[in-house]
Amino acid sequence: MADTTAGVAANSKSQVPPMTGAWWKLGTGFLMIFVIYGAFFIAKGAAGFGESGDKARAVFFHVPSAILASVCYFVGMYFSVIYLFSSKRSTLEIDAKAAISMELGALFCLLATITGSIFAGIQWGVFWNWDPRETSIVITLLLYSSYLILRGALNSNPTKRANLSAVYCLIALVPQQFLIWAVPRILETNHPTKVLQNSGNTSPDYRLILWCSILAFTLLFIWLFQLRLRAYRLVAKKEAAR
Amino acid sequence: MRCGIIEIENLSVTKTVCGVLKQVNQEESDTEKAAQDGLSASSSTRRIHVCLNHVSHRFGGRTVFDNLSASISSGQTGIITGSNGSGKSTLLRIIAGLLEADSGDVTFETDGSYLDTQMRRHMIGMVAPDLTLYKELTGAENLTFFASLKGIKADRAMLVEALTEVGLRGRGRDLVGGYSSGMRQRLKYAFALLGRPKVLLLDEPTANLDSDGMAMVERIVRCHQARTDGALAIVATNEPRETSWGEPLIHLERGE
Amino acid sequence: MKASTGPNDASNWMAQARCLFLKDLRAELRTRVAINSVGLFAFSSLLLVALATRGLREVMTLRMLDLPIDIIRPADVTAAMFPAWSAASKMGLLWTLLCFAAFAGLAHSFVHEEEAGTVTALRLSMSPAGVYTGKLAFNLTLLFAVALLVTPFYMGLTGMQAGNWPVFLTLMLAGCIGLGSTATIVAALAAKARGSGALFGAIGLPIITVFLMLLLNAANTLYSDSTDAAAHTIKTVQDVGGLISFGILLISVSAFTFRFVWEE
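Chains as they are written, first to last, in our numbering: chain A, 871 to 1112; chain B, 56 to 311; chain C, 28 to 291.
The set of hints was computed from the structure by calculation and includes no laboratory data.
Beta carbons: idealized from backbone N, C-alpha and C, even for Gly.
Be careful, since some hints might not be right.
Stated by the list, open to error - Some but not every residue of chain C turned toward chain A, in silico, with C-beta under 10 Å:
id, residue
1, Trp192
2, Phe195
3, Thr197
4, Ala215
5, Asn244
6, Asp266
7, Phe273
8, Leu277
As the list claims (entries may be wrong) - Here are some chain B residues the structure puts well away from chain C; computed CB gaps all over 10 Å:
id, residue
9, Ser124
10, Leu192
11, Asp229
To be verified - Keeping only pairs whose Cα atoms sit at most 16 Å apart, straight-line, the calculated EDC-like set for lysine to aspartate or glutamate is:
id, chain 1, residue 1, chain 2, residue 2
12, B, Lys190, C, Asp252
13, B, Lys190, C, Glu141
14, A, Lys1108, A, Glu963
15, A, Lys914, A, Glu1058
16, A, Lys1030, B, Glu155
17, A, Lys914, A, Asp924
18, A, Lys1030, A, Glu963
19, A, Lys1107, A, Glu963
20, A, Lys1030, B, Asp157
21, B, Lys190, C, Glu142
22, A, Lys1030, C, Glu291
23, C, Lys262, A, Glu1058
24, A, Lys1030, C, Asp252
25, B, Lys190, B, Asp157
26, C, Lys262, C, Asp252
27, A, Lys1030, C, Glu290
Use the sequences and the hints to build the structure in full.
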């Protein structure tokens, strides 16, 4: 998905004025503004988050970044697998796409950690109490960093870097999936996933803003992905010319 | 059951190939030769064609070589020449399937079918400076280990024969760590010749060897050439003496 | 050679793995590099732990000094020796030790092949499946040996109880498998990346942390007193099952991706 839009945008960039394709970027901007405004002034608080339910407003930013932190990993994994099974010639761009997804994943993961900590601070009174879900997000952040550290260590040999980091992405998928699916089920956590999943606790406008926020964050991801890919292509072009 | 058949077939083939070499060395009686030919005709006298198709390779941004094409068939010995840093070793590694070329490919063809990497490696014996054997094992242990990986049963007689052939008789029980560099080079030949592979790839074949060792290598190459079961060799070297072993295959210029 | 001896045959890579395992074992028994580094690492960290936790024992020791020799009861001595933590924390510390010890030594088998240059000869003679299986078997053996040496010693030193023996042993076994399989594939990656040492820890520890999280949770279940026996059993099975499935999944993914690491 992100791949094709990026490709189209890059092509159109070289031929027609750069504003083409800007409509959805503008749309993303407006949607984001709407979400930020709505998070504080439109949506009512959710039940189960203190008396006013205002504490649930952190959710509008925490949940989308946490979702994207996982989605980015899947996108990265998708490109890693494609890379490993493509013939090795001129496929370094696929590896670059994997790397970009992982970088953005690290970014969203960091955002999720920070917003999560803020939420823990207002809801539970401490910003950090080693709840399994808190530990999970930190480890996810570590996994992302390890991937990027591995890439950094292999900068001198792009093919080897692509190969080894793709493998690492697949290996680290095992703990990453355990963090998402197994840890919340096996370990006891205070994380209010269930409270939110019960639709009786939230109002329709709350859910509207939440879904809008998820959409806005996803569009933001695609946009950032495109930007980074374009930057990569420019560097690659310059290197090929050298 | 299937495994059993493979085992038997494998054994007979090994014996045959060894036998063929023996004929070359010792000119054994015609009857035995005929019997062996009968055996080997079915399985091991297939001709091999090695083709390099527009092979290019780069290290980082530097082009090592560009658009190389060549081919060599059974019975030939091809010589790769070129100055230091021109990519001789890299090319041999690509031919051996240890390294993937950036573009173009190397094919091994026998009876009209192409061999995959694993099959290809199985019929290759290689000697190269960056190929080393285990220092913490003895010479004989090294050979036993690699022989068993190739599915060859290494008994005492076979080990003695292999070590004698490379002039290391009596040193098989010493740790390779205690070998001199020349002795290690000799042991590499014993390793490369395990199972009598059809394709010999030699990179700097006489590095670290004394005159006796050089003669040994030449003898090995000549024997290999004289095999009638479809063997070929590719040698990367700059020594004038060694370039006369076969016909020029590729001359590499130093890339930018 | 004839095609039928090709290394793709299923029986063949098992045989190759066995050869590699025996070769590694032989070389290891001769040089003892890996077992010494893992073992020494484990024992010296144990010593460090004993020193670092002095504060937890100090009170008892001081009290003992004031007492006449004949009044000291065995219970006092025991209390002075054993840090006052929960059994689950002791288990946690044991696995932290084993983890770092494993990361100190298990890279050796791959890094050594790479550094000594024997990797070329191996790649010419073996299929990736054989290499992975052989190395995994060797690393697991090494880890079992170290765990077998260190654990009783650790139990003696800290007074950690086994609790339910079958569960305890399953836990240790599953722990070794998870740790060994992680360390093996990460070592293969780190060995190819050459920078090795530091990188091995940096890319391996985050993976193993998740595993330790599960393991410590299982240890908590093992040592918890529960009135509801059925629920306790279910929880135990769930926890240990999670542990074992982590190991199995990691081994499957490694087996699937190893050839991309092994081939250049």
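Tested hints:
Here the hint on Trp192 (chain C) is broken, as its CB sits about 23 Å from the closest CB of chain A, past 10 Å. A least Cβ separation of about 19 Å between Phe195 (chain C) and chain A goes past the 10 Å threshold, and the interface hint is therefore violated. At a threshold of 10 Å, the smallest CB-CB gap from Thr197 (chain C) to chain A is about 16 Å, leaving the interface hint violated. Nearest Cβ of chain A to the Cβ of Ala215 (chain C): about 9 Å, under the 10 Å cut. The hint holds.
Annotation: interface hint on Asn244 (chain C) holds; nearest CB of chain A at approximately 5 Å, less than 10 Å. The closest approach between the C-beta of Asp266 (chain C) and any C-beta of chain A is roughly 6 Å, which is under the 10 Å cut-off, so the hint is satisfied. A hinted interface residue such as Phe273 (chain C) counts as satisfied when its beta carbon comes closer than 10 Å to some beta carbon of chain A; here the least separation is about 6 Å, so the hint holds. Against a cut-off of 10 Å between C-beta atoms, the interface hint on Leu277 (chain C) holds, since the closest Cβ of chain A lies about 5 Å away.
Distance to chain C confirms Ser124 (chain B) as a non-interface residue, since its nearest Cβ pair spans about 23 Å, more than 10 Å. The Cβ of Leu192 (chain B) does not lie farther than 10 Å from every Cβ of chain C; its closest approach is about 6 Å, which violates its non-interface assignment. In this structure Asp229 (chain B) is separated from chain C by more than 10 Å, as the shortest Cβ-Cβ distance comes to about 13 Å. For the proposed pair Lys190 (chain B) and Asp252 (chain C), the alpha carbon gap of about 55 Å is over 16 Å, so the pair is violated.
Taking the CA atoms of Lys190 (chain B) and Glu141 (chain C), the gap is near 13 Å; set against the 16 Å cutoff, the hint holds. A C-alpha spacing of about 14 Å is found between Lys1108 (chain A) and Glu963 (chain A), which places the hinted pair at or below 16 Å, so the restraint holds. Of the supplied pair hints, the one linking Lys914 (chain A) and Glu1058 (chain A) is violated, its CA atoms being roughly 29 Å apart against a limit of 16 Å. Simply put, Lys1030 (chain A) and Glu155 (chain B) have alpha-carbon atoms about 11 Å apart, close enough for the 16 Å limit, and the pair holds.
This hinted pair checks out: Lys914 (chain A) and Asp924 (chain A) have alpha carbons roughly 8 Å apart, not beyond 16 Å. For the suggested pair Lys1030 (chain A) and Glu963 (chain A), the alpha carbons sit about 14 Å apart, so the restraint of at most 16 Å is met. Distance restraint check for Lys1107 (chain A) and Glu963 (chain A): the Cα-Cα separation of roughly 12 Å lies within the 16 Å cut-off, and the hinted pair is therefore satisfied. Distance restraint check for Lys1030 (chain A) and Asp157 (chain B): the Cα-Cα separation of roughly 12 Å lies within the 16 Å cut-off, and the hinted pair is therefore satisfied.
Note on Lys190 (chain B) and Glu142 (chain C): the hinted pairing holds, with a Cα-Cα distance of about 12 Å set against a maximum of 16 Å. A threshold of 16 Å between alpha carbons decides the hint, and for Lys1030 (chain A) with Glu291 (chain C) the separation of about 7 Å falls inside it, so the pair holds. A C-alpha spacing of about 12 Å is found between Lys262 (chain C) and Glu1058 (chain A), which places the hinted pair at or below 16 Å, so the restraint holds. For a cut-off of 16 Å, the pair hint linking Lys1030 (chain A) to Asp252 (chain C) is broken: about 51 Å separates their Cα positions.
Proximity of Lys190 (chain B) to Asp157 (chain B) is assessed by CA-CA distance (about 33 Å); at most 16 Å being required, the pair is judged violated. A hinted pair counts as satisfied when its Cα atoms are at most 16 Å apart, and Lys262 (chain C) with Asp252 (chain C) qualifies at roughly 12 Å. At roughly 10 Å between alpha-carbon atoms, Lys1030 (chain A) and Glu290 (chain C) fall within 16 Å of each other, so this suggested pair holds.
Checked against the numbered hints above, the structure breaks hints 1, 2, 3, 10, 12, 15, 24, 25 and satisfies the rest.
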